[in-house]
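Peer 1: Residue numbers (the UniProt record's numbering): 1 to 491.
Do not take every clue at face value.
Stated by the list, open to error - Think about it this way: if two alpha-carbon atoms lie no more than 25 angstroms apart in a straight line, the pair counts; the simulated DSS-like pairs of lysine-lysine are:
#	residue 1	residue 2
1	K396	K209
2	K13	K75
3	K419	K395
4	K356	K459
5	K396	K419
6	K356	K272
7	K75	K356
8	K459	K160
9	K209	K271
10	K479	K209
Keep in mind the hints are simulated off the structure, nothing from the lab.
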Amino acid sequence: MIPLVAPPANLLKSVRFVLAASSGLDRWIGHPTYNDPNVLFANARGGTAPEIAEWVMGTWLAHGHHLYEYHDLQKKGEWETWSGTPRVQDSHGQRIGVLGYGAIGRQVGLDIWSTPARFFTPPRHRIMASTNNTRSDKSGDILLAFFTFPPPEEWIHRMKANHPGLEVRWTLLMEGTRLILPEDNPPELWDGVTILMIPLVAPPANLLKSVRFVLAASSGLDRWIGHPTYNDPNVLFANARGGTAPEIAEWVMGTWLAHGHHLYEYHDLQKKGEWETWSGTPRVQDSHGQRIGVLGYGAIGRQVGRIANALGMEVYAYTRSERPTPESRRDNDYIVPGMGDPEGTIPSRWFHGESKESLREFLSQDLDMLAISIPLSETNGNLISHEEFEILARKKTFVSNISRGQLINTQALISALEKGQIRGAALDVTDPEPLPHGHPLWEAPNLFISPHVSWQSDKFFDRVWELLDINIGRLREGKEPLNLVKRNFTG
């Protein structure tokens, strides 16, 4: 058994079997022993398939999500301002050709992102709400949609055709990199608006007097917390969490693979024109057999779990409420066809709770990776702090945060990275945000930062528009909208 080289034939006179510890045997071509029909040869192609396939898909995701560009910006301490146009084309629906469908090709071709197509099933429970939240009339609704770029004309025509009597209004929320505040629009734009679709911001309450349904075109609604309209039980809110799941999950697992396969280091060496000589000791621990804890097993968390499972990782899930039955683990909200974990069958263990004790029990499960995908609330700021990093230090957990920066205590994270308590981290969100030039987080070791872009995809707004189309139909039929945000009302 030998890697890398083919010994001289005179040393192999008694050999009858050779295991070349590599996928290719090109070094043996023309070798007398290789040409001897009495000597059997085998290679290690199946043994190298997991890590090589990870490299293939990791570099694909790093390229598609512009991770190298953000790595270079991070070294300069620069936070890129979004122009309003999505730059990422996520993998869903794209086609890969595998030239050579052996062990490595088969692992590359493993259908990581595909299950039978499914959009949604009827919701199991109706959230208690006033009867005027839903109505079945076919006219009278006025939709106001905010966009970061002009919508296609066919979308407007489709909305009117699908919902007779619906008045459709739209306006731009951005001009280049400049945000146009909703209240800067003419007052008549807001007159009589009953349905609102808006990303990024929460308009003043005085503009929303007639609104009965809001689709926030994002996964989190922290910008709405404390807003009078959000506190009104007569107004229904939904978010776009299922529509962002494919690209955000790709970002999570892409940064995990980029870290584990040292892609940023090789990117830096490439820019210098330097070829690193291997020391003989493997540097990569591939994902197979490692354990990921998904903190928040909603639409995004389920897609993260799906990809991690396809890479051979064991998935643990954490939810706020207990999910003891198959029915309780099912996802009944909007799902991009073929994505996620609709039946909730991927996790090998489920955890739940709202206390620090239950969270710490989850974190103490020898996690190799922690993916944070829970919404920010009024009570869960600094959820991961010094004590939690002490727990994660037992396994040197890699930490990924795509939710909100305030969920992690920034100083505790810097300390954990500098002390080597965790093997690394990837942040698409920071506290503060945008992260100012000169902030110590830019210089923390083994850290990747991108400027809150993981949700960006050229397909994102198509998915949000589809969700809006579906939900307007459901509202008019007197049904509960998909992705309904559950809020607690007191008094």
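Peer 1: Going back to the hint list, which numbers does this structure go against?
Peer 2: 1, 2, 4, 6, 7, 9
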